[in-house]
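**Q** Below, each chain spelled out in residue letters.
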Amino acid sequence: MAEAKSGGDFISNLGKIYTYYTGGFFAFVVFLGILEQLGVPNKFIGYGFVFLTIAVYALIGVLSRTSEVGEYYVAGRKVPAFYNGMATGADWMSGASFVGMAGTLFLLGYDGLAFVLGWTGGYVLVAVLIAPFLRKFGAFTVPDFFAERYGGNTTRLIAVIVLISCSFTYVVAQIYATGLIASRFLDLDFTIAVYAGLLGILLCSMLGGMKAVTWTQVAQYIVLIVAYLLPIVILSAKKFGIPLPQLTYGQALQEITNLENSLAAKGMAPVIKDAAGAVSFAKPHIKPFTDYDPLNYFALILCLMVGTASLPHILMRYFTTPSVRDARSSVAWSLFFIFLLYFSAPAYAAFSKLEVYSLINKGTALADLPQWIYTYGKIGLVKVCGANAVDAQSVIAACGKIANQGGMLRLQDLSINTDVIVLSTPEIAGMPYVIAGLVAAGGLAAALSTADGLLLAIANALSHDVYYKMINPNAPTKTRLIASRVLLLFVAIFAAYVASTKPADILSMVAWAFSLAAAGIFPALVLGVWWKRANTPGAIIGMLAGFGVCVYYLVGTRYYAVSFYETWSWLSGSAPAAKAKFVELQTAWSSAAAGAAKDAAWVALDKQAQAVANWFGVKNISAALFGMPVGFLGVIVGSLLTRAPSQEIQDMVDATRRPSGDLIMRDKDAALPSH
Amino acid sequence: MSRDAARHWQRTSGLMWTMLGLWLFFGFVIHFFVNSLNSIVIAGFPLGFYMAAQGSLLAFVVMLFVFAKKQDNIDREEGVAEED
Numbered sequence: 001m002a003e004a005k006s007g008g009d010f011i012s013n014l015g016k017i018y019t020y021y022t023g024g025f026f027a028f029v030v031f032l033g034i035l036e037q038l039g040v041p042n043k044f045i046g047y048g049f050v051f052l053t054i055a056v057y058a059l060i061g062v063l064s065r066t067s068e069v070g071e072y073y074v075a076g077r078k079v080p081a082f083y084n085g086m087a088t089g090a091d092w093m094s095g096a097s098f099v100g101m102a103g104t105l106f107l108l109g110y111d112g113l114a115f116v117l118g119w120t121g122g123y124v125l126v127a128v129l130i131a132p133f134l135r136k137f138g139a140f141t142v143p144d145f146f147a148e149r150y151g152g153n154t155t156r157l158i159a160v161i162v163l164i165s166c167s168f169t170y171v172v173a174q175i176y177a178t179g180l181i182a183s184r185f186l187d188l189d190f191t192i193a194v195y196a197g198l199l200g201i202l203l204c205s206m207l208g209g210m211k212a213v214t215w216t217q218v219a220q221y222i223v224l225i226v227a228y229l230l231p232i233v234i235l236s237a238k239k240f241g242i243p244l245p246q247l248t249y250g251q252a253l254q255e256i257t258n259l260e261n262s263l264a265a266k267g268m269a270p271v272i273k274d275a276a277g278a279v280s281f282a283k284p285h286i287k288p289f290t291d292y293d294p295l296n297y298f299a300l301i302l303c304l305m306v307g308t309a310s311l312p313h314i315l316m317r318y319f320t321t322p323s324v325r326d327a328r329s330s331v332a333w334s335l336f337f338i339f340l341l342y343f344s345a346p347a348y349a350a351f352s353k354l355e356v357y358s359l360i361n362k363g364t365a366l367a368d369l370p371q372w373i374y375t376y377g378k379i380g381l382v383k384v385c386g387a388n389a390v391d392a393q394s395v396i397a398a399c400g401k402i403a404n405q406g407g408m409l410r411l412q413d414l415s416i417n418t419d420v421i422v423l424s425t426p427e428i429a430g431m432p433y434v435i436a437g438l439v440a441a442g443g444l445a446a447a448l449s450t451a452d453g454l455l456l457a458i459a460n461a462l463s464h465d466v467y468y469k470m471i472n473p474n475a476p477t478k479t480r481l482i483a484s485r486v487l488l489l490f491v492a493i494f495a496a497y498v499a500s501t502k503p504a505d506i507l508s509m510v511a512w513a514f515s516l517a518a519a520g521i522f523p524a525l526v527l528g529v530w531w532k533r534a535n536t537p538g539a540i541i542g543m544l545a546g547f548g549v550c551v552y553y554l555v556g557t558r559y560y561a562v563s564f565y566e567t568w569s570w571l572s573g574s575a576p577a578a579k580a581k582f583v584e585l586q587t588a589w590s591s592a593a594a595g596a597a598k599d600a601a602w603v604a605l606d607k608q609a610q611a612v613a614n615w616f617g618v619k620n621i622s623a624a625l626f627g628m629p630v631g632f633l634g635v636i637v638g639s640l641l642t643r644a645p646s647q648e649i650q651d652m653v654d655a656t657r658r659p660s661g662d663l664i665m666r667d668k669d670a671a672l673p674s675h
Numbered sequence: 001m002s003r004d005a006a007r008h009w010q011r012t013s014g015l016m017w018t019m020l021g022l023w024l025f026f027g028f029v030i031h032f033f034v035n036s037l038n039s040i041v042i043a044g045f046p047l048g049f050y051m052a053a054q055g056s057l058l059a060f061v062v063m064l065f066v067f068a069k070k071q072d073n074i075d076r077e078e079g080v081a082e083e084d
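Protein chains in written order, with our numbering: chain C, 1 to 675; chain W, 1 to 84.
Keep in mind the hints are simulated off the structure, nothing from the lab. For each residue, glycine too, the CB sits at the ideal point set by N, CA and C. Check each hint, because a few of them may be wrong.
Chain W regions said to be covered by chain C (calculated; three or more residues, Cβ under 8 Å) [unchecked claim]:
hint, stretch
1, 3–12
2, 45–54
3, 60–71
To spell it out: a stretch of chain C is covered by chain W in this simulated footprint if at least three of its residues, at any positions, have a beta carbon under 8 Å from a beta carbon of chain W; those stretches are [said to hold, decoys possible]:
hint, stretch
4, 240–253
5, 648–660
The shape of chain C in the complex, shown without the other chains (with noise of 0.2 Å):
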């Protein structure tokens, strides 16, 4: 693509260009649909969709190759509003989400809806608090923006900083996604898989940087939502005859009540006995607060959606709106394209349980179960009776090991992974292999943009606030690209060395990030453009402070839980009985004999411990509930203790405040239009 001649063009043509896309996407899926009907395998089914798909985006990656630094860290702040959405959309929208949403949702019920109302509803912030002013404020990266609006490179570091800390577990996270995807469906062996997928990733990223990742995540955008929806489109046309799940979910919702009710008169479902000793199911669907009481809830609700509004990667795809106006009408583009993916999610969940438990309603007999409980018992996502089911042998001889089992499957014999619920769906509703296999692209999809995102975020962070704002503030045009990309490559290369270990605790603090972005970028960064008073030392001291007290709590909660509850006890809202039981465990650590026992009787002190180690009953993925706070409080009071900011940075706070006039921030290598 010719840079000069082309730009404008292709900007112009974008309608036509992505419906074309579009129209070809489906085209495929068909033509696959038609190979699967002529006998071709599956196997090769899946190989067709996985690969051709990388193709086209790795093939956009290159056509969009740029050698000029506005279009590299900013897409040359052309993206029109309606397509930074779906970029944003996919950008957000990670592994987890396209595959894990629905099971989490199965598993929690209403309970799980906190995520959905989190992860959409912190876009109100980013449009109202953020976006408009940082676009204003011309910054490359999220961290730039704290350096010229607080002065000098101490708060650019911490925001690098807690950048880093944010993005990376979250990187890694998706990289190991895509490795799951593509063994599962190619039978590739899972590092293999993750080098192929960084291979995807890479090719998407590194020669265009923002612009190529701009372009890749629409046509991304496009496969995922196209994989996500149309299973339940075509599962509720032919259960209710509407292709419209989200509405005809209802339906579903009441029989899973009736359901339920069956189940618990029957004895084959967890109950629980009240006062009068009626028996009822343990945890209905629709009824809330059965997993988290309300304050997890709504705690868990207020650091997802301030988390959403400070993660780097999300706020930099607003640096490339055409305009202040634009960057406003993105972020309501985004939301619509996220809230399509979302709002269908619980639909999911409730037609996959209706199906299961359905299934077990009518007395289903352990030799008779269907076989997509085998497809995922293989790979140990599915257990009946507490062992992997593996085939109908199996399951009964573990089953044959519960007194009173009855031979008959029940629900508390069943335990599903959440990632089991939309990739088994097609199977489920007994559909073509090709919707199975379009749903694996999906997940590709989904994880590879995301990873795209949070990889660029960290590279330029790396490349601009530290090496060239830092270290080399004199470096030319051409060495600035080129140490962009040599940093992206290594922490492509690190990333996924890191994810190919498959590391338990790194995918288990993703949830981390959140709380981290919200605890140490969101009160200096809103305060920053809505408190002209916020000074540098206000900055730093809530910066630091609240990211402090939100690791403390997160690594004190969960790898120091034991010393963690001997200091808070006091503080500590857990029951009675499990403090108790703390003490006693404490006694019986202290009194067991060195050697196995004692290591024992830790491990089991040490479990208890991560259950009352916390401040008022708040759970770990919470910790900004405490963070944020501090944080704000700390540029507040640190701010009014030193001396107003200079004129000059409060006149800068106003230009911000207003649309009109040029960029705060100029690049000397970067040929932009300023409006």
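Given chain C, work out where chain W should sit, using these hints.
**A** Using the frame of chain C, we list chain W on its own:
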């Protein structure tokens, strides 16, 4: 800061607080009443469940399109909008 700029920021802040109020309502307040709302059932959906699964989400989307429009009007009326 000139008087016009002050008025622009005053109106912008006013819109911000309105949006945050709505955000607070749809993000949190309405879900405090989930149990009472669940006694109302529409097309199979208990209303409390529906609000968390769809209703509030829909409200957020509509809010943001309205916000973009309203803020743009403020910018234009106060003479600080970008050129089209």
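**Q** None of the hints should be skipped; say for each whether it holds.
**A** Going down the list of hints, with the structure as the test:
no.: 1; hint: 3–12; result: holds (count 4)
no.: 2; hint: 45–54; result: holds (count 8)
no.: 3; hint: 60–71; result: holds (count 8)
no.: 4; hint: 240–253; result: holds (count 7)
no.: 5; hint: 648–660; result: holds (count 5)
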